[in-house]
Amino acid sequence: MQATERTPASGTEGIEDGKSAAVTTILTKSKSNARDRLNKAMPWVRVLEAAICMSSFAVMAADKTQGWSGDTFDRYREYRLSAVYKRLERLQFEFLISRSPPSAAEEGWEMSTQSGHDGKQDPVEETAQRGSGDAQTAGTETTYPKSSPSVFVNSEPVREEQVQNAVKFLSHPKVQVSPVIYRRSFLEKKGLTKEEVDQAFRRLPDSSPSAQTSTITQEAAAPSGVMASTGPANRYSFHWYLALLAIGFLAGTGAGTVIFFKKSVIPRSRSLVQAVVLREEIDVSKETHLRPNLAEKTAAAAAAAADIAQASEELLNSKLQEKKFLGEIMNLLDVQLCEIKSVGVTVKNLQANSHAEKPLSNSDFSASTTISRQPYANGKIYWDYSSVGRSSIPRASLEPSAAPHPRSYMEIMAMVQRWEGPPNMKGIDDSRPYPNQPISYPSLNPRMKVDL
Amino acid sequence: MPAFKIPFNGYSVKFSPFNENRLAVATAQNFGILGNGRVHVLSIPPSPGAPIVETAAYDTADAVYDIAWSESHDSLLVAAIADGSVKVYDTNLPPASNPLRSLQEHTREVHAVDYNPSRRDSFLTASWDDSIKLWTVDRPISVRTFKEHAYCVYAAAWNPRHADVFASASGDCTVRVWDVREPGSTMIIPAHDFEVLYTDWNKYDDCILATASVDKSIRVWDVRSFRVPVTVLNGHNYAVRKVKFSPHRGSLMISCSYDMTVCLWDYMVEDALVGRYDHHTEFAVGVDMSVLVEGLLASTGWDELVYVWQHGTDPRAP
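Sequence lines, in order, name chains A and B.
FYI, in full-length UniProt numbering the residues of the first sequence are 1 to 452.
FYI, in full-length UniProt numbering the residues of the second sequence are 1 to 318.
Check each hint, because a few of them may be wrong.
[Stated by the list, open to error] Here are the simulated lysine to aspartate or glutamate pairs, EDC-like style, with alpha carbons at most 20 Å apart:
hint	chain 1	residue 1	chain 2	residue 2
1	A	K189	B	E105
2	A	K426	B	E304
3	A	K194	B	E182
4	B	K147	B	D179
5	A	K341	B	E105
6	B	K147	A	E161
7	A	K426	B	D59
8	A	K262	A	E314
9	A	K194	A	E161
10	B	K147	B	D164
11	A	K194	B	D179
12	A	K190	B	D222
13	A	K319	A	E296
14	A	K319	A	E339
15	A	K348	B	D130
16	A	K194	B	D193
17	A	K348	B	E105
18	A	K189	B	D222
19	A	K341	B	D83
20	A	K263	A	E195
21	A	K174	A	E195
22	A	K348	B	E304
23	A	K189	B	D130
24	A	K323	A	D334
25	A	K319	A	D36
26	A	K190	B	D193
27	B	K147	B	D90
28	A	K263	A	E314
29	A	K194	B	D130
30	A	K194	B	D222
31	A	K262	A	E49
32	B	K147	A	D198
33	A	K341	B	D130
34	A	K426	B	D83
Read the hints as simulated data drawn from the structure, not as lab findings.
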């Protein structure tokens, strides 16, 4: 093949020659175009690559909560489940559960509290003085309460020490595992007022939801607008949705990038590569010193582009898989929640009068374990919980000084736990017979109350 | 007078504010675990030797945990039912027309009901669904719901002087003071280290309230300095179920406990325990002091008996 001939080929000449000439010119032009285009495209490819890497990193970074401090009780279905579970457990183990938060939290409180949190004298005196002054006016006030403070309002100033202790308590890692409502209840039990508890929550040091939103806004390009607007608004409750949104957007951008690559860049680079290779076969001698380099470069660029495309495809697939997985998990959790709710309803309908057990909790006041009651004439014998370890009622082992229940009570509890109803129950319809029945006039007037 | 035998286990007694001879009793079958319930309206005879007579009884599908008389209508009763409903009964109507109302809003057992003695038109119900609801008799739905407690609310009590203030006792070991004009609780008293089962206001000092708890003690609090109790009364051997202030003497209180005793206390006195009645043979769960007759006490328990006696006398005397 004579490549040196540069005359335009006529149609009837050796096709190869003509072809080679035409192809040569076309290829030359396209080669230079291709080189320019590739050179222009390379940095953009690199930029895109970087953007995709950063956004995937952002997704990973979004997952980085410090412990569970960003969570709230209400957002997570699994916590709702755990709440239902806890209620069911409470029917059995009221006292133990009613001592929530667990002792780990107590430790945390003890560690963070230096001195006792009993009220200081000065605010107490102030409130006492104000209270006595207000007692006379409080009875007659009908105006808006803020104008004349009621004595039933806690008018103590916010105690800084208590707030700091509460913040330390809330930052304790063991405490951060527990749901927020129990943390609040614990602090209130410790004597903090509502304002102090609110301040402690506001002052939590690692406001991780807002930190996450800031990283997302810094690093991700497309989702940043949405994240920034939703993030600072409510740092706790949108965290889950933020992560899902991020995944969705990244999947979208990944898909878009992949499609873009697939449709435009790769075919071009492939055609370029093909053309170059073809040209190589046609014209070897002249551009031998350039062609291999060019071919290598284009091949390398194409390979790199193909790699990027592959990587983004893989990323997209993994994101989609994660999404599916998450969806499956949510479905499973929903199913479980429904099941547990139905169980809870049936248990509630059949289960013990748990309150009767609730107050019968132990106390650490006296170690009275023996119940020295004699059997009564009617033949009821009292079971001493501490001496008789009834395994059917797990409470017994946990409450050494619980009051002794009558035997028939224990029988009924056992029956209920076997899912049998007691025999003497009757079906009674106690719904109101006449829904629109008016209330009768009173026959007696209420006595005038003497104001003492 | 002799004790009145009820078919089920007693849960609560209340004297009528209109009629000094009337008493309402809330009872539950099978200790309130599972079964029916019944509301009894009893008539106390004027002479001590005569027996107590039942004038009305209303059956319910589930246990009745508490009962309250209306302060505006002498024949109306409000009952707290274990299936979450609140039923209003009228003793002037025949049993076939009762209950007058059945209000179903609570999602769990309603444990206590208290009628407003000042406004006379509204009442509160405390439930194990952690909430307290405010109702009026003429409305079919609740007026307000107060949901702040973290655990079951065992009792709610109106302040006798301030018509809009009430206190609630809960299993989350706190007592909250509320004002119906405010959106949330106005005061949180960390009353005990264990569940608080009941709370009641002093009828003569509107800032004093007493709390009864699982930790066997009764604590008296002053809301003006609520960090430290005014006094702690120990003497019961098991959880104290109810504590009520006397409507006749400012510092006198009555309490009933799972140690089967009913005790009288005077918290201003050095030795606070002023009386102890050991007449029940099961948990003493309900107790009340009459407003109209000074010194008249009533109690009921899981031993299916209702006792009415004068303070200082033996309840079991025939």
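Consistency of the hints with the structure:
1. A/K189 x B/E105: Cα-Cα ~28 Å, so violated.
2. A/K426 x B/E304: With a Cα-Cα distance of about 19 Å, the restraint between A/K426 and B/E304 holds, given a limit of 20 Å.
3. A/K194 x B/E182: The given pair, whose Cα atoms are some 14 Å apart, holds under the 20 Å limit.
4. B/K147 x B/D179: 13 Å, holds
5. A/K341 x B/E105: 18 Å, holds
6. B/K147 x A/E161: 28 Å, violated
7. A/K426 x B/D59: 10 Å, holds
8. A/K262 x A/E314: 14 Å, holds
9. A/K194 x A/E161: 15 Å, holds
10. B/K147 x B/D164: Holds, at about 17 Å.
11. A/K194 x B/D179: 15 Å, holds
12. A/K190 x B/D222: Measuring from Cα to Cα gives roughly 18 Å; hence the hint holds.
13. A/K319 x A/E296: With Cα atoms ~33 Å apart, A/K319 and A/E296 exceed 20 Å; violated.
14. A/K319 x A/E339: 30 Å, violated
15. A/K348 x B/D130: 16 Å, holds
16. A/K194 x B/D193: 19 Å, holds
17. A/K348 x B/E105: 16 Å, holds
18. A/K189 x B/D222: It holds: about 17 Å lies between the C-alpha atoms, which stays within 20 Å.
19. A/K341 x B/D83: 17 Å, holds
20. A/K263 x A/E195: 60 Å, violated
21. A/K174 x A/E195: 24 Å, violated
22. A/K348 x B/E304: 25 Å, violated
23. A/K189 x B/D130: With a Cα-Cα distance of about 16 Å, the restraint between A/K189 and B/D130 holds, given a limit of 20 Å.
24. A/K323 x A/D334: 16 Å, holds
25. A/K319 x A/D36: Roughly 35 Å separates the two Cα atoms, so the pair is violated.
26. A/K190 x B/D193: 9 Å, holds
27. B/K147 x B/D90: At roughly 30 Å apart (the allowed maximum being 20 Å), B/D90 and B/K147 break the hint.
28. A/K263 x A/E314: 17 Å, holds
29. A/K194 x B/D130: 18 Å, holds
30. A/K194 x B/D222: 19 Å, holds
31. A/K262 x A/E49: Holds - the C-alpha atoms of A/E49 and A/K262 are around 15 Å apart, at most 20 Å.
32. B/K147 x A/D198: Distance ~17 Å between B/K147 and A/D198 Cα, so the pair holds.
33. A/K341 x B/D130: It holds: about 18 Å lies between the C-alpha atoms, which stays within 20 Å.
34. A/K426 x B/D83: Given pair A/K426, B/D83 holds - Cα atoms ~15 Å apart, limit 20 Å.
Hints 1, 6, 13, 14, 20, 21, 22, 25 and 27 from the earlier list are contradicted by this structure; the remaining hints agree with it.
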